[in-house]
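**Q** Listed here are the chains, written in short residue letters.
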Amino acid sequence: MSFLSFLSEAQVEDVKVRKGGGGGARKPWNPDEESLAIRVWKDGSVYPSKALVARFDLEYPDVTITKGELWPYSEEYKKEYEAKQAALPEDQRKPLADRYKPSLYEPISGKPGNGFDVIDSRHWGSYKGAGNMLFIAPVGKDQTKVDLFGGTKYTEDGKPMSSVMDQGSKTYGEEMLDSLKAVYGIELTDEKPYVDLLIIDEIEDGGTIININERFSKPVALFPKTVKRGKEAGKPDTERRENAVVYALLPADMMQAAPDGKEEAKEEANATV
Amino acid sequence: MAIKIGINENIFIAGAEYIPATDKLSASVKIILEESGVTKYANAFERMNADEAVESLPTRELIIFSPSNPLDKDGRGNVRTEEQKANLVQGDINSTKAILLHLLTGYMTSKEARLELFEGIDINATNYNSQIIKPPIAQAIFKNMVDQFITKMKPFFGDSTKLFRVLLVRQDAAKPFPTFRKRHIDENPFYEPMEVTKEQSKLMFTPYEIDNGLDNDLPVKKKTADDPSKQGNGGAAPLTAETVFN
Numbered sequence: 020m021s022f023l024s025f026l027s028e029a030q031v032e033d034v035k036v037r038k039g040g041g042g043g044a045r046k047p048w049n050p051d052e053e054s055l056a057i058r059v060w061k062d063g064s065v066y067p068s069k070a071l072v073a074r075f076d077l078e079y080p081d082v083t084i085t086k087g088e089l090w091p092y093s094e095e096y097k098k099e100y101e102a103k104q105a106a107l108p109e110d111q112r113k114p115l116a117d118r119y120k121p122s123l124y125e126p127i128s129g130k131p132g133n134g135f136d137v138i139d140s141r142h143w144g145s146y147k148g149a150g151n152m153l154f155i156a157p158v159g160k161d162q163t164k165v166d167l168f169g170g171t172k173y174t175e176d177g178k179p180m181s182s183v184m185d186q187g188s189k190t191y192g193e194e195m196l197d198s199l200k201a202v203y204g205i206e207l208t209d210e211k212p213y214v215d216l217l218i219i220d221e222i223e224d225g226g227t228i229i230n231i232n233e234r235f236s237k238p239v240a241l242f243p244k245t246v247k248r249g250k251e252a253g254k255p256d257t258e259r260r261e262n263a264v265v266y267a268l269l270p271a272d273m274m275q276a277a278p279d280g281k282e283e284a285k286e287e288a289n290a291t292v
Numbered sequence: 026m027a028i029k030i031g032i033n034e035n036i037f038i039a040g041a042e043y044i045p046a047t048d049k050l051s052a053s054v055k056i057i058l059e060e061s062g063v064t065k066y067a068n069a070f071e072r073m074n075a076d077e078a079v080e081s082l083p084t085r086e087l088i089i090f091s092p093s094n095p096l097d098k099d100g101r102g103n104v105r106t107e108e109q110k111a112n113l114v115q116g117d118i119n120s121t122k123a124i125l126l127h128l129l130t131g132y133m134t135s136k137e138a139r140l141e142l143f144e145g146i147d148i149n150a151t152n153y154n155s156q157i158i159k160p161p162i163a164q165a166i167f168k169n170m171v172d173q174f175i176t177k178m179k180p181f182f183g184d185s186t187k188l189f190r191v192l193l194v195r196q197d198a199a200k201p202f203p204t205f206r207k208r209h210i211d212e213n214p215f216y217e218p219m220e221v222t223k224e225q226s227k228l229m230f231t232p233y234e235i236d237n238g239l240d241n242d243l244p245v246k247k248k249t250a251d252d253p254s255k256q257g258n259g260g261a262a263p264l265t266a267e268t269v270f271n
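Protein chains in written order, with the numbering used here: chain A, 20 to 292; chain B, 26 to 271.
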């Protein structure tokens, strides 16, 4: 059995549009609730399936918020600031604004839950393989630079303002769309406004089971990132993760079209990190 | 290419060694970096007898000294409190700890890299300030760190399959010799696997290092004979890592 024919058996056909709850048509934002999948929309928003949220603990937890205290500037800094202001034309001077220490958001359960890092093998230095593919790894929401479902806004009493099911995380959207096009040749349009991507831990190739978790997860990994803010926005970057478990992230449509992709699939299956 | 101030590529850790204190020098740890793919000669004879003139070695020994004993008075002549002295020693220990942990986490997780500083030493939260300023205690903490570092690193010494890009800075204005960065390593790493592409690399000199000339190996300006304040007053040449260890 070829690599992709296995994938077509791996519940590809089960990725269904979620049924509306009555009272008229409802846009099917999320993938089929039983699949382990994310749905990427053409605007870059990403929605998880219900099973995925449960399996990887993706939901935003209730938190206790400790508001940041006033953080006074040093006298030295104030003097420096005032001297710089004095050198400016009067209409350009601004008083030094108060600053506050960041507020602390502590999950009441003690568990921050997870988000996902998305790994495009084209930019992953450790990846050795003839073909490229996307990977995904659950990482704690308390980590920095989490690509998907890393954070949301909270009400003053510590309730998340949206569920991870409804949020439509867009923080990684542009990169995700670029990766889909470059790696899987998928371009989302008005006619094809979304794609479902399955999270897979094992692949069968010609009767051999390839354990994605074992082959691609390392105790220390440097996942590719892009600087999001500041002077270096857009610069390629990496983020260190420890004991992250890596899964394959494969388009459901592609898996259904398995027979034509046999050779390429083998090359990818032989890849390592 | 010699391993020098700036960014060095394809480097691995060839070894490390604890060097006990002598009459003149405090204890230290020597960390040997080696550049992969460069011919290594067994001794000076073989190197000199090579087909071509080999001017530089593929290795570089970097020395980190144990904490110095804080003086009783600061630069302005004010008497230091016990807490101030403790902070100074703690700063030195932290600096070494940060370097060793940074090197270890190139090979293992943070949990595996953890160093037990106070193992077997009579120091705790209650007696911390009074104990840490005692030279034997500070030295024992340093030795603990170094011994554990060497034990954890031993399986990887000489492993040229795992290569790193390493940024070395100048020791100070008077010493144009490479060393590890000592401060703010979390935000400004000096070491990363070669699998990180150049575009992704986080290695760069900080504005402080650039402003203070720690990004180059330009020779130290010679003292001017007509400036009495710059004239030496005889005696031995100052000790530097270069004069002591090379």
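Mixed in with the good hints there might be a few duds.
Some chain A residues near chain B, calculated using beta-carbon distances under 8 Å [said to hold, decoys possible]:
id	residue
1	111
2	114
3	115
4	117
5	145
6	249
7	253
8	255
9	256
10	257
11	264
Okay, derived cross-link-like pairs now, DSS-like style, lysine-lysine, Cα gap no bigger than 25 Å in a straight line [what the hints assert, rightly or not]:
id	chain 1	residue 1	chain 2	residue 2
12	A	254	B	223
13	B	159	B	98
14	A	164	B	136
15	A	247	B	98
16	A	254	B	227
17	B	98	B	49
18	B	177	B	136
19	A	69	A	130
20	B	49	B	187
21	A	247	B	227
22	A	147	B	187
23	A	237	B	98
24	B	136	B	98
25	A	237	B	168
26	A	237	B	223
27	A	147	B	227
28	B	98	A	130
29	A	69	A	147
30	A	130	A	86
31	B	29	A	147
32	A	164	A	103
33	A	164	B	168
34	B	136	A	237
35	A	164	B	55
36	A	69	A	247
37	A	164	A	130
38	B	55	A	237
39	B	177	A	237
40	B	98	B	55
Honestly, the hints are just simulated from the structure, not real lab data. Yeah, the Cβ is synthetic: ideal placement off N, Cα and C, and Gly gets one too.
**Q** Evaluate each hint against the coordinates.
**A** Here's how the hints hold up against the structure:
1. Interface restraint check: residue 111 (chain A) against chain B, minimum CB-CB distance 25 Å, threshold 8 Å, status violated.
2. Interface hint at residue 114 (chain A): violated, since its Cβ lies 27 Å from the closest Cβ of chain B, which is beyond the 8 Å cut-off.
3. With a cut of 8 Å, the hint placing residue 115 (chain A) at the interface with chain B is violated, because the nearest CB-to-CB distance is about 22 Å.
4. The beta carbon of residue 117 (chain A) comes no nearer than 25 Å to any beta carbon in chain B, farther than 8 Å, and the hint placing it at the interface is violated.
5. At a threshold of 8 Å, the smallest CB-CB gap from residue 145 (chain A) to chain B is about 5 Å, leaving the interface hint in force.
6. For residue 249 (chain A), the interface hint is violated, since its Cβ never comes within 8 Å of a Cβ in chain B; the closest pair sits about 13 Å apart.
7. At a threshold of 8 Å, the smallest CB-CB gap from residue 253 (chain A) to chain B is about 11 Å, leaving the interface hint violated.
8. Because the smallest distance between the Cβ of residue 255 (chain A) and any Cβ of chain B comes to about 4 Å, under 8 Å, the interface hint for this residue holds.
9. Hint status for residue 256 (chain A): holds, given a least beta-carbon distance of 6 Å to chain B, under 8 Å.
10. Hint status for residue 257 (chain A) relative to chain B: holds, with the closest Cβ pair at about 5 Å, below 8 Å.
11. A distance limit of 8 Å between C-beta atoms decides the matter here; for residue 264 (chain A) the minimum to chain B is near 14 Å, and the interface restraint is violated.
12. As the CA atoms of residue 254 (chain A) and residue 223 (chain B) are separated by approximately 11 Å, the hinted pair is consistent with the 25 Å bound.
13. As the CA atoms of residue 159 (chain B) and residue 98 (chain B) are separated by approximately 16 Å, the hinted pair is consistent with the 25 Å bound.
14. In summary, the hint linking residue 164 (chain A) to residue 136 (chain B) is supported, as the alpha carbons are separated by about 21 Å, within the 25 Å threshold.
15. Among the hinted pairs, residue 247 (chain A) with residue 98 (chain B) is inconsistent with the structure: their alpha-carbon atoms are about 47 Å apart, more than 25 Å.
16. With a C-alpha separation of about 10 Å, the suggested pair residue 254 (chain A) and residue 227 (chain B) falls inside the 25 Å cut-off, and the hint holds.
17. With a CA separation close to 22 Å, the supplied pair residue 98 (chain B) and residue 49 (chain B) stays within the 25 Å bound.
18. For the hint pairing residue 177 (chain B) with residue 136 (chain B), the CA-to-CA distance comes to about 12 Å; that is within 25 Å, so the pair holds.
19. For the suggested pair residue 69 (chain A) and residue 130 (chain A), the alpha carbons sit about 19 Å apart, so the restraint of at most 25 Å is met.
20. In summary, the hint linking residue 49 (chain B) to residue 187 (chain B) is not supported, as the alpha carbons are separated by about 37 Å, beyond the 25 Å threshold.
21. For the hint linking residue 247 (chain A) to residue 227 (chain B), the alpha-carbon distance of about 15 Å falls within 25 Å, and the restraint holds.
22. Between residue 147 (chain A) and residue 187 (chain B) the CA atoms are separated by roughly 15 Å; this keeps the pair inside 25 Å, and the hint holds.
23. A distance of roughly 50 Å separates the Cα atoms of residue 237 (chain A) and residue 98 (chain B); the hinted pair therefore is violated under the 25 Å criterion.
24. Restraint check for residue 136 (chain B) and residue 98 (chain B): the C-alpha separation of about 39 Å exceeds 25 Å, so the hint is violated.
25. With a CA separation close to 31 Å, the supplied pair residue 237 (chain A) and residue 168 (chain B) exceeds the 25 Å bound.
26. At most 25 Å may separate the alpha-carbon atoms for a hinted pair to count; residue 237 (chain A) and residue 223 (chain B) meet this at roughly 22 Å.
27. Distance check on the hinted pair: residue 147 (chain A) and residue 227 (chain B) sit about 22 Å apart at the alpha-carbon level, within 25 Å; holds.
28. A hinted pair counts as satisfied when its Cα atoms are at most 25 Å apart, and residue 98 (chain B) with residue 130 (chain A) does not qualify at roughly 48 Å.
29. Between residue 69 (chain A) and residue 147 (chain A) the alpha-carbon distance is near 33 Å, which puts this suggested pair outside the 25 Å criterion.
30. Proximity of residue 130 (chain A) to residue 86 (chain A) is assessed by CA-CA distance (about 20 Å); at most 25 Å being required, the pair is judged to hold.
31. Between residue 29 (chain B) and residue 147 (chain A), the direct Cα distance comes to roughly 31 Å. Violation of the 25 Å bound is thereby established for this hinted pair.
32. Between the alpha carbons of residue 164 (chain A) and residue 103 (chain A) the distance comes to roughly 34 Å, so the proposed pair goes past 25 Å and is violated.
33. Proposed proximity of residue 164 (chain A) and residue 168 (chain B) is contradicted: the alpha carbons are some 37 Å apart, above 25 Å.
34. This hinted pair checks out: residue 136 (chain B) and residue 237 (chain A) have alpha carbons roughly 14 Å apart, not beyond 25 Å.
35. The straight-line distance between the Cα atoms of residue 164 (chain A) and residue 55 (chain B) is roughly 36 Å, outside the 25 Å bound, and the hint therefore fails.
36. With a C-alpha separation of about 29 Å, the suggested pairing of residue 69 (chain A) with residue 247 (chain A) is violated against the 25 Å cut-off.
37. At roughly 18 Å between alpha-carbon atoms, residue 164 (chain A) and residue 130 (chain A) fall within 25 Å of each other, so this suggested pair holds.
38. Between the alpha carbons of residue 55 (chain B) and residue 237 (chain A) the distance comes to roughly 30 Å, so the proposed pair goes past 25 Å and is violated.
39. For the suggested pair residue 177 (chain B) and residue 237 (chain A), the alpha carbons sit about 18 Å apart, so the restraint of at most 25 Å is met.
40. About 30 Å separates the Cα atoms of residue 98 (chain B) and residue 55 (chain B), which puts this hinted pair outside 25 Å; it is violated.
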